[in-house]
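Going down the list, the protein sequences come from chains P and U. Residues in the first sequence are numbered consecutively from 0, following numbering that gives the first Met the number 0. Residues in the second sequence are numbered consecutively from 0, following numbering that gives the first Met the number 0.
Each statement offered as a hint is correct.
In the EDC-like style, the derived pairs of lysine to aspartate or glutamate whose C-alpha atoms are separated by at most 20 Å in a straight line are:
(1) K198/U to E11/P
(2) K358/U to E437/U
(3) K395/U to E126/P
(4) K238/U to E211/U
Hint data in this document are derived by calculation from the structure and do not stem from the laboratory. Predicted, not measured: the structure shown is a model, and the values here were computed from it.
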Amino acid sequence: MEFPDDLLYTKEHEWIRVVGDTAVIGITDYAQSQLGDIVYTELPDIGTEFAPGNAFSVVESVKTVSDIYSPITGTIEEVNDNLESSPEQINAEPYTGGWIVKMTISNADELEKLLSPEEYESLVNEESH
Amino acid sequence: MRENVGARGLIFNEPLIFDISREGRDGASIPDGVGLPEKKIESLLPKGSLRDDIEGFPSLSEVDVVRHFTRLSQWNYGLDGGFYPLGSCTMKYNPKINEDMASLPALNNLHPYAPEGLAQGALRIMYELSDYLAEISGLAKVSLQPSAGAQGEFAGILIIKNYFESIGEKRHKIIVPDSAHGTNPASSALCGYQVIEVKSGSDGLIDPAEIEKHMDDDVAAIMLTNPNTLGLFESQILKITEIIHKKGGLVYMDGANLNALMGIVKPADMGVDIMHFNLHKTFSTPHGGGGPGSGPVGVTKKIAPFLPTPVIVENNGNYSFQYGNKDSIGRLRAFYGNFGVMVKAYVYIRSMGGDGLKKASETAVVNANYIKEKLKGIYHLPYDRECMHECVFSDKIQGENDVSTLDIAKAIIDRGFHPPTIYFPLIVHGAIMMEPTETEGKETLDSFIEALKDIAAKAKEDPGSLKASPEKPKVGRLDETQAARNPKLRWRAGQKDG
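Generate the whole structure from the sequences, applying the supplied hints.
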């Protein structure tokens with residue numbers, strides 16, 4: 000199980016990579032392993048605004064359907080169109096090719112509430128035992 | 000141990016019907032020399048009623064067709080063939096007398112437009128069935144119109160919406176516990192409500208304090224299932240329904256798990272205002288591909304005026320449809336519901352009687368507890384307490400050897416049983432949900448338990464072998480991912496099989 004140390008995490012198993020004013024968001028390696036083979040991803044429209052806890056995307060696997068929640072307040076800048084034809088990217092490369100959206104960060108203070116890699120790793124260890 | 004019921008037999012391959020077609024072959028011929036004139040179809044029907052040739056339309060002889068469909072039917076697994084412990088689905092045996100009665104020509108051949116005077120028997124069956132369901136639930140009135148459970152829920156939520164409109168209140172939210180059936184939040188959302196998900200407590204039950212926290216005068220209703228999807232009875236139900244009622248809300252009960260309650264508890268006595276029944280679960284009519292469902296909806300007196308139209312009324316032994324109720328949510332579908340299914344449920348209730356229905360519920364609960372006790376410790380039981388009509392295990396123990404719920408389910412197929420429900424309810428990781436129903440004898444339960452013990456032993460000694468299962472059916476483990484990512488839903492002329 001990988002927990003890259005340049006990322007921030009949420010309890011709901013999303014990861015966030017901060018690049019300037021933009022947050023790249025996806026789901027973690029643990030999340031994809033729990034979901035199993037992903038077969039469909041519903042992506043938001045560019046320009047839509049989300050607040051923390053709002054569902055911005057839906058990921059469907061052979062096992063289940065899951066909402067993906069926005070970790071921060073922001074506006075969708077870009078979505079990963081590749082996922083429409085190749086949702087399996089999320090399984091194969093959860094932290095790179097499997098990114099889901101890019102959002103502008105409206106309130107940088109919110110980033111401080113997110114989990115560090117260590118905090119997230121211990122959360123996963125708790126949950127899987 | 001009895002011999003594994005999943006022994007291998009001869010199963011025929013069978014291509015698609017299009018692929019066995021041969022030009023010029025057909026199934027019927029009119030003998031020559033009988034004096035019937037032969038005419039071109041174009042001279043008999045107007046042009047608008049003729050359809051174009053269908054490319055690839057199969058031409059086959061009678062024997063080809065009979066063998067084709069007989070072979071396909073042999074790939075099927077149903078209740079007439081074996082045990083079907085699919086949790087939350089109540090796959091009980093469907094007694095043949097139900098089919099006999101539903102096939103009576105007087106019922107089977109009755110035209111839906113027959114005048115009421117010529118359909119008194121059918122109307123009486125519907126009237127009495129509504130009455131029986133009202134008696135079983137303790138509710139005042141029941142409409143048989145919804146075509147299946149999900150439409151029953153839809154009707155129920157529409158009734159709730161219309162009720163609040165009629166008293167001039169605008170409420171926007173519905174509370175749904177996280178152990179709910181997926182259709183509950185879906186029905187709420189479809190009717191425009193915001194769904195408030197409430198987490199279950201560590202005992203698997205709804206915590207009244209959580210409901211109290213979310214209940215306000217913007218909440219129209221709570222949708223709950225009792226017993227819940229963990230197979231546990233919501234012991235705080237009276238407290239929960241009181242909290243909802245105090246703030247003017249309504250209580251909707253999903254009737255999926257009614258098989259645990261018949262003749263023992265009336266939902267209305269638990270504070271339920273509205274519920275749907277699944278005739279294809281609790282009342283022994285075919286479930287799934289075996290026939291359409293039926294999801295009657297029952298309500299208290301207060302909200303009875305909102306039931307779908309028409310309702311059946313009785314006057315001096317005469318039955319008729321009543322239309323034009325101004326508060327009604329209207330019609331849900333053409334005609335009056337799935338009538339054949341109603342006949343089967345009616346026959347079931349009449350042949351069981353009140354005592355029989357109670358005994359069915361009691362036996363269903365005993366059977367589930369028997370499985371639970373026999374498999375406890377061998378499989379992880381996340382909520383270790385008395386269950387109702389179903390029990391939920393997980394793959395936690397087998398997971399240590401990298402054997403998942405899916406592997407266990409596939410291995411059950413090799414041992415001659417339909418797998419239980421898996422990965423539901425969502426609040427249990429790797430859930431395996433078993434509902435034996437009352438129609439199975441101890442011998443069947445014992446051989447199922449033996450099969451599961453055998454799988455647990457394999458998971459320890461030779462976990463890799465379970466990954467290869469199922470090996471005995473006609474096809475092995477299907478590629479569910481490919482099927483979902485790249486579905487092929489219909490045959491097309493000239494399309495290569497691939």
